[in-house]
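K.L.:
Can you build the whole structure from these sequences, using the hints too?
Residue numbers (my numbering), protein chains in the order written: chain F, 1 to 224; chain D, 1 to 224.
Heads up, some of the hints might be wrong.
Intra- or inter-copy, both count: the list cannot distinguish identical chains.
Cross-link-like lysine-lysine pairs, in silico, DSS-like; alpha carbons within 30 Å at most [to be verified]:
#, residue 1, residue 2
1, K17, K193
2, K222, K166
3, K113, K45
4, K193, K45
Think of the hints as simulated: they come from the structure by calculation, not from any bench. These figures come from a predicted structure and were not determined experimentally.
Protein chains: 2
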Amino acid sequence: MTKPLLQIALDSLSIEKAIQDVRQVANFVDIIEVGTILACSEGMKAISIIRSLYPDHIIVCDFKTTDAGGVLAKMAFEAGADWLTVSAAAHPATKLACQAVAEEFNMLNPHLKNKKEIQIELYGNWTLQDAESWISSGIQQAIYHRSRDAELAGKSWQNEDLLLMKNLSDLGIEVSITGGIVPQDIHLFKDIKNTKAFIAGRALTGENGIATAQHISSEIEKYW
Amino acid sequence: MTKPLLQIALDSLSIEKAIQDVRQVANFVDIIEVGTILACSEGMKAISIIRSLYPDHIIVCDFKTTDAGGVLAKMAFEAGADWLTVSAAAHPATKLACQAVAEEFNMLNPHLKNKKEIQIELYGNWTLQDAESWISSGIQQAIYHRSRDAELAGKSWQNEDLLLMKNLSDLGIEVSITGGIVPQDIHLFKDIKNTKAFIAGRALTGENGIATAQHISSEIEKYW
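P.N.:
Structure representation (structure tokens):
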């Protein structure tokens, strides 16, 4: 068990705005995510530019890959992403294709600072049995979140969310948690031992971004 | 019931290659799809360039939207897409957000040649009851396909596929069909009355692209 990391999600429409957003807090986060909106807007250029600016951070490409896994994984990893999100709803063959590309990269580059990894993004109807099959495929990470749209519709963290995350963690899956994360919520997740990262977007890109990052980090220190 | 349309899916890594691929068959297809691979690689520029080259075609943005529906839909429609794919696994709020953006566009622009529409892309575990809820939300289209990775793994069209598509069609959903479509397969789908389009990629971009497009069109004439 290691301490959860802090991840900033960049979800602006342009790379220029994303750079502006990440610049102030880069030294206070471990992981920089090129979010779906940014990736869809700017394409792979968004990954390669963030990689060139931040050679030492873990970089996530949040494609929520749903098909064509082999091609998208190769493209994302070659552009500089370390981790790639894959939708839980993707066909098992798609997940396997992404994982195979990651493993090939890791085998060919044994001295990578950060291994290429796949993160299953939990959308749609999935079961703990599915999660066991991901583990069997060599996949170690999953992302649990309130849907952005559900969040905008005012839905908060439920006990049901927390229990599902705990179950995943207890299976051995490293869980990243996202969806309007604020420092005041961190304690809610203290029983999820395998918390890999907390992912925040707007909370870290605003005026008080650095203070918020430090506040989340100090909450993490308290509970893990 | 109208005759199914023919859609080319552009899934190259670069817009230059995509333009090369579409140019020869553009006059033989009704719909041009900026596929997931192309959209993820080039970003929104891929949509706006294809739109400027083909002002009269229906253009599909194949994001397989899984979250942040409102933002992605707005971005895709503003760049020139007519239809946007949304993953069946997306939260209902995400689907509603996309549909709301489409309806707002249509209301503000009553003279659009092609209405903005959402297409539910059938990934993950979904039911006919889900499909009924999409219809209630005002969504009229769905896309049924063999997963690209499943197809690469050698899985063909099954009776189960055909029955599910027929059920969707009988509910009133317009179904587009994709996954290694070739002229010889068109007859398989003749009982799916509400077939909206056949989507082909590699079959239309190769050396025999025009002949294949014409062959698919003549098969459509035979069966619808």
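K.L.:
Next, verify each hint and record whether it holds.
P.N.:
Now for the hints, and whether the structure bears them out:
| no. | hint | verdict |
| --- | --- | --- |
| 1 | K17 to K193 | neither (35 Å within a copy, 47 Å between copies) |
| 2 | K222 to K166 | within (19 Å within a copy, 56 Å between copies) |
| 3 | K113 to K45 | within (22 Å within a copy, 33 Å between copies) |
| 4 | K193 to K45 | neither (35 Å within a copy, 42 Å between copies) |
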